[in-house]
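J.: Here's the letter readout for the chains.
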Amino acid sequence: MTNNEIYLAIIVMSLTNYFTRIFPFIFFNKKEPPKIIVYIETYFPPVIMTILIFYSVKDISFANYPYGLKEILAIVFTTSIHLWKNNYLVSIFGGTIFYMLLVQY
Amino acid sequence: MYKLLNYDKEFKSAFTISIPVMMGYLVLGFAFGLLLSSFHYDWYLAPIMSIFIYAGALQFVAIGFFNAKMGLIDIAIATLFINIRQSFYGLSLLKKFKHTGKFKKYLIFGLTDETYGLLTTVEEDKNLSKTHFYFFLSALNQSYWIIGSTIGAILGSNIEFNTNGLEFSLTALFIVLCIEQYKKLKNILPFIIGAVASLVALVIVPSDKMLITSIVISLVLLLTFEKRIENDK
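Chains A and B, in that order, give the protein sequences.
The opening residue of the first sequence carries number 49 in the working numbering; numbering runs sequentially from there.
The opening residue of the second sequence carries number 2 in the working numbering; numbering runs sequentially from there.
Calculated directly from the structure, the hints in this document are not laboratory data.
Misleading hints may appear alongside valid ones.
Said to hold, decoys possible - Non-contacting residues of chain B with respect to chain A, defined by C-beta distances greater than 12 Å in every case (computed):
id : residue
1  : Asn7
2  : Lys10
3  : Asp43
4  : Tyr45
5  : Asp126
6  : Lys127
7  : Asn128
8  : Ala140
9  : Thr151
10 : Leu222
What the hints assert, rightly or not - Partial list, computed: chain A residues near chain B (C-beta under 10 Å):
id : residue
11 : Arg69
12 : Asn77
13 : Ile99
14 : Tyr103
15 : Asn112
16 : Leu117
17 : Leu150
Stated by the list, open to error - Derived DSSO-like pairs (lysine-lysine); straight-line CA-CA distance at most 30 Å:
id : chain 1 : residue 1 : chain 2 : residue 2
18 : A       : Lys83     : B       : Lys185
19 : B       : Lys103    : A       : Lys106
20 : A       : Lys83     : B       : Lys103
21 : A       : Lys133    : B       : Lys210
22 : B       : Lys127    : A       : Lys83
23 : A       : Lys106    : B       : Lys185
24 : B       : Lys185    : A       : Lys133
25 : B       : Lys184    : A       : Lys83
26 : B       : Lys187    : A       : Lys83
27 : A       : Lys83     : B       : Lys131
28 : B       : Lys105    : A       : Lys133
29 : A       : Lys133    : B       : Lys187
30 : B       : Lys184    : A       : Lys133
31 : B       : Lys105    : A       : Lys83
32 : B       : Lys105    : B       : Lys4
33 : A       : Lys106    : B       : Lys70
34 : A       : Lys118    : B       : Lys210
None of the values given here were measured: they were computed from a predicted structure.
Built from N, CA and C at the ideal position, the CB exists for glycine as well.
The whole structure should be built from the sequences, with the hints applied where relevant.
T.: Here you go:
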């Protein structure tokens, strides 16, 4: 693509992307959202958070050696340290360093 | 703009909370910039994209669009499918964003997976201005993304250092957010639904369609088990 074509593509992506973000705010702006939306409002965050954990390790091969063992270990480690210390900075730094040690050495 | 200076407490609080995202975005942004420049596109396209598009997965895929010289309509449709999940994010924030005034448009623009996760999970300090706290958090997160991608694109493939595994910081962030969500909700069913939907999606579709597939499956499950979930509180 030439730079001009790329600029057009960037404009299209920016607008479409913003549309996906603003859509519910336009749609439910005036009227009170229906009961079903309030229900999804409450229960969707924990669901998507769980999905995002899986999503972030989706390209790990669990069928071949080391069977995603490093990722599972790091997830267990991060969970334990968070339940123990209850400090999210410690949990995230600790979990990441633990995982980096596992994959680099 | 000068009025923002009066909200340094909000800024400090937002900064502390944004640190995990900083690590993730600097690294992922860097990787994106690196990839973009490895195909010999101009480095300044990285900051332009990170400022105006600001969507992680989409920006990576966009490099593929450029390479394939894809048509604009195809790009619009692909973008819609990659990021349609974000429409569900807004549903959980209708109330939170209701009184954010002139910041609302930007807050909506800044709704990435990670910012959304923080906004819906973090306990807010009652003494702070919520609107400014949300704004700083969103703007800081985007600034990390812009900085990371710009540095990556400029340095190109000139340097080499081992950041292998640093991407786990985003996984760790989601784990922590999950635990905090559980403490708030005290209901295990939504997490089971998320896990089941993810596993099913991982088995039945290619990994690039895993996210949207698992969201659809989980919504079906959420609606099917509505009574049980609400009674389980």
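J.: When you check the alpha-carbon spacing of Lys185(B) and Lys133(A), does it fall within 30 Å?
T.: The given pair, whose Cα atoms are some 18 Å apart, holds under the 30 Å limit.
J.: Please work out if Lys105(B) and Lys83(A) have their alpha carbons no farther apart than 30 Å.
T.: Answer holds: Lys105(B) to Lys83(A) is near 24 Å, not above 30 Å.
J.: Min Cβ distance, Asn112(A) to chain B: is it shorter than 10 Å?
T.: 15 Å, violated
J.: Does the claim that Lys127(B) lies outside the interface with chain A hold up, using a Cβ gap greater than 12 Å?
T.: Lys127(B) is indeed farther than 12 Å from all Cβ atoms of chain A, at 20 Å.
J.: Taken at face value, is the distance from the CA of Lys210(B) to the CA of Lys133(A) at most 30 Å?
T.: 36 Å, violated
J.: Does the no-contact call for Asn128(B) survive, Cβ to all of chain A over 12 Å?
T.: The claim stands: Asn128(B) keeps its Cβ more than 12 Å from every Cβ of chain A (closest is about 21 Å).
J.: Hold the hint about Asn77(A) up to the distance rule: shortest CB distance to chain B must be less than 10 Å.
T.: Result: holds, 9 Å to nearest chain B Cβ.
J.: Should the label of Asp126(B) as a non-interface residue stand, given a Cβ cut-off of 12 Å to chain A?
T.: Asp126(B) is indeed farther than 12 Å from all Cβ atoms of chain A, at 15 Å.
J.: Interface hint check: Tyr103(A), Cβ to nearest Cβ on chain B, cutoff 10 Å. Holds or violated?
T.: Cβ of Tyr103(A) sits 5 Å from chain B, so the hint holds.
J.: Given the hinted pair Lys184(B) and Lys133(A), is their Cα-Cα distance within 30 Å?
T.: 15 Å, holds
J.: Would Lys10(B) pass as off the interface with chain A, using Cβ distances and a cut of 12 Å?
T.: 19 Å, holds
J.: Take the shortest C-beta to C-beta distance between Arg69(A) and chain B; is it under 10 Å?
T.: 5 Å, holds
In this structure, the hints that do not hold are numbers 3, 4, 10, 15, 16, 19, 21, 28, in rising order.
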